[in-house]
Amino acid sequence: MTMKMGFYPGCSLKGSSREFNESLCAVMDKLGVELEEVPDWNCCGATAAHNLNHALSLSLPARILALAEGAGMQEIAVPCSACYSRLVMTRHELQENEALKAEIADIIEMDLALNAVPINVIQALDRALEGASLESLVVAPLAYKVACYYGCLMVRPPKVLRFDQPEDPMTMDRMMERVGAEPIDWAFKVECCGAGFSVSRTDLVAKLCKPIVTDAVKRGAEALIVACPMCQSNLDMRRCAIKGMSEAEAHIPVLYITQAIGLALGIDRKDLGLQRHLVKVALPRRAVVGA
Amino acid sequence: MSSALHTVSATDTLAGRVLHDTGVAVAECYQCGKCSAGCPLADEMDITPSQILRMLQLEMPELDDEVLRSHTIWLCLTCEMCYARCPKEIDLPKVMDSLRAESLRRKVAHPKARDIIAFHKSFLDSIRTCGRLYEILLIVAYKVRTRHLLQDLLMAPKLFVRGKLNPIPELIRGRSHMARIFQRAQRKDG
Ligand code: SF4
Ligand code: SF4
Ligand code: SF4
Ligand code: SF4
Chain P
228 MTMKMGFYPG
238 CSLKGSSREF
248 NESLCAVMDK
258 LGVELEEVPD
268 WNCCGATAAH
278 NLNHALSLSL
288 PARILALAEG
298 AGMQEIAVPC
308 SACYSRLVMT
318 RHELQENEAL
328 KAEIADIIEM
338 DLALNAVPIN
348 VIQALDRALE
358 GASLESLVVA
368 PLAYKVACYY
378 GCLMVRPPKV
388 LRFDQPEDPM
398 TMDRMMERVG
408 AEPIDWAFKV
418 ECCGAGFSVS
428 RTDLVAKLCK
438 PIVTDAVKRG
448 AEALIVACPM
458 CQSNLDMRRC
468 AIKGMSEAEA
478 HIPVLYITQA
488 IGLALGIDRK
498 DLGLQRHLVK
508 VALPRRAVVG
518 A
Chain L
6 MSSALHTVSA
16 TDTLAGRVLH
26 DTGVAVAECY
36 QCGKCSAGCP
46 LADEMDITPS
56 QILRMLQLEM
66 PELDDEVLRS
76 HTIWLCLTCE
86 MCYARCPKEI
96 DLPKVMDSLR
106 AESLRRKVAH
116 PKARDIIAFH
126 KSFLDSIRTC
136 GRLYEILLIV
146 AYKVRTRHLL
156 QDLLMAPKLF
166 VRGKLNPIPE
176 LIRGRSHMAR
186 IFQRAQRKDG
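As they're listed, the protein sequences go chains P and L. Residue 228 is where the first sequence starts when you use my numbering, and the numbers rise one by one after that. Residue 6 is where the second sequence starts when you use my numbering, and the numbers rise one by one after that.
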């Protein structure tokens, strides 16, 4: 039986982070979920819009929400944390302010009921796993020490998102445990990686990413696990911009949570897009410790 | 004319403007400094986040001007750390949004923020024309705007062989709808 789920991939998943899309689709397919894209979706505008124009920063996500509800979607899976944040924050702001909602509906010239709810990738996976046991689907336990990195926008602002504990979230850690990995306790789970400065201030991204990588390695992690394309590209593509890294720091790979789960479910590396990373993903097969 | 987006009425002080734009009353801040302590880029900023609030509280034209000319407002990453930790639940990232908009309106943005603003503008150009982000166009438009022609181009071949750069843009059907949204939103926001 296949289950259908609304899906907003966002631009990164169609471009530089296509392996997040590939691995998400592969895992969902394995779990019997069909992802249905919001018809003719547009970019959410990300940081650029809300840095420059408030009305636009609400209108771009509003068009997406309106299209989703027009297609009858009750929930929309939004894997990119930045898109997720823009969609949730817009929906919240418009729900709190009727007059503003009317103005934005007027700008986009669409009906806006706000009844399609954006969910992040962890919530989408949870939904797909309802009634199933992830543990029982694992064919190749992911026997590594992993550092789960949540970044900013998956947990903040907690007042609006109401997802996990803002200072020490555990949802990704628990999911990694269920596929056989050993999540480490570390200090940089929710620190910022520099997000939108990837191109315009690469120096600042390097400065913010260095302690994240260093702490993960120091505490014994063999891979970083992320759920956001911008975190992934800052930690992976921008690794070469970080100066003075040790051998281990230069080589620790950054996997999307969907790639990590996909490996455990026995999905082919290529179908998970592991060959697309700049920091090579060389995780040798290993028996579960103590098994 | 009154508007939920608060675009027309001129408020006397910047604190008034911020209240009008965001609903945040800067007077609520009791200067505990927690926001500045947790801000990932506080040490790069010319004025710390809590100092920005203090300056707004004083409601003096010279200080307002200094805030709008600061590098800080452009360095804020909207990481939401300050808002998450503030004991008074002051939505500082939203205040920063409003300050950036005002800084652009008055044409006083910090010279060092040029690259950041150029990047945001190039990003929006791509969305206005394609509906989605076209990464190659973004990089090229940004390079032309800033004249940093070489930086990053070295990266392109590496991404290309890994299938990470889309040679053709994704064009949505509703492109004229997007153009209209941009126009109408800009009219509201100035
Ligand atoms: S966050 Fe980025 S990638 Fe995701 S849709 Fe929005 S703009 Fe496009
Ligand atoms: S960690 Fe970086 S990319 Fe990820 S959400 Fe925060 S700022 Fe965005
Ligand atoms: S944390 Fe809140 S109350 Fe404390 S200084 Fe910052 S804004 Fe003011
Ligand atoms: S949102 Fe801006 S001011 Fe607040 S902590 Fe993050 S970077 Fe600093």
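Since the hints were derived computationally from the structure, they do not count as laboratory data. Just so you know, these numbers come straight off a predicted model, no measurement behind them. C-beta atoms are modelled at their ideal positions from N, C-alpha and C, and glycine is treated no differently. Incorrect hints may appear among the rest.
[What the hints assert, rightly or not] In the DSS-like style, the derived pairs of lysine-lysine whose C-alpha atoms are separated by at most 25 angstroms in a straight line are:
| hint | chain 1 | residue 1 | chain 2 | residue 2 |
| --- | --- | --- | --- | --- |
| 1 | P | Lys497 | L | Lys163 |
| 2 | L | Lys126 | P | Lys437 |
| 3 | P | Lys507 | L | Lys163 |
[What the hints assert, rightly or not] Chain P is nowhere near these chain L residues, computed Cβ spacing over 12 angstroms in every case:
| hint | residue |
| --- | --- |
| 4 | Gln36 |
| 5 | Asp51 |
| 6 | Ile52 |
| 7 | Gln62 |
| 8 | Pro66 |
| 9 | Leu68 |
| 10 | Ala106 |
| 11 | Asp120 |
| 12 | Pro174 |
[Stated by the list, open to error] Far from chain L by the CB rule (all over 10 angstroms, computed), these chain P residues:
| hint | residue |
| --- | --- |
| 13 | Thr229 |
| 14 | Lys241 |
| 15 | Gly299 |
| 16 | Glu330 |
| 17 | Ile334 |
| 18 | Gln350 |
| 19 | Val366 |
| 20 | Pro385 |
| 21 | Pro393 |
| 22 | Arg428 |
| 23 | Leu431 |
| 24 | Arg446 |
| 25 | Met464 |
| 26 | His478 |
| 27 | Ile479 |
| 28 | Ala509 |
Query raised in the report: Looking back at the hints listed earlier, which ones does the structure fail to meet?
Result: 2, 10, 11, 12, 14, 16, 17, 20, 21, 22, 23, 25
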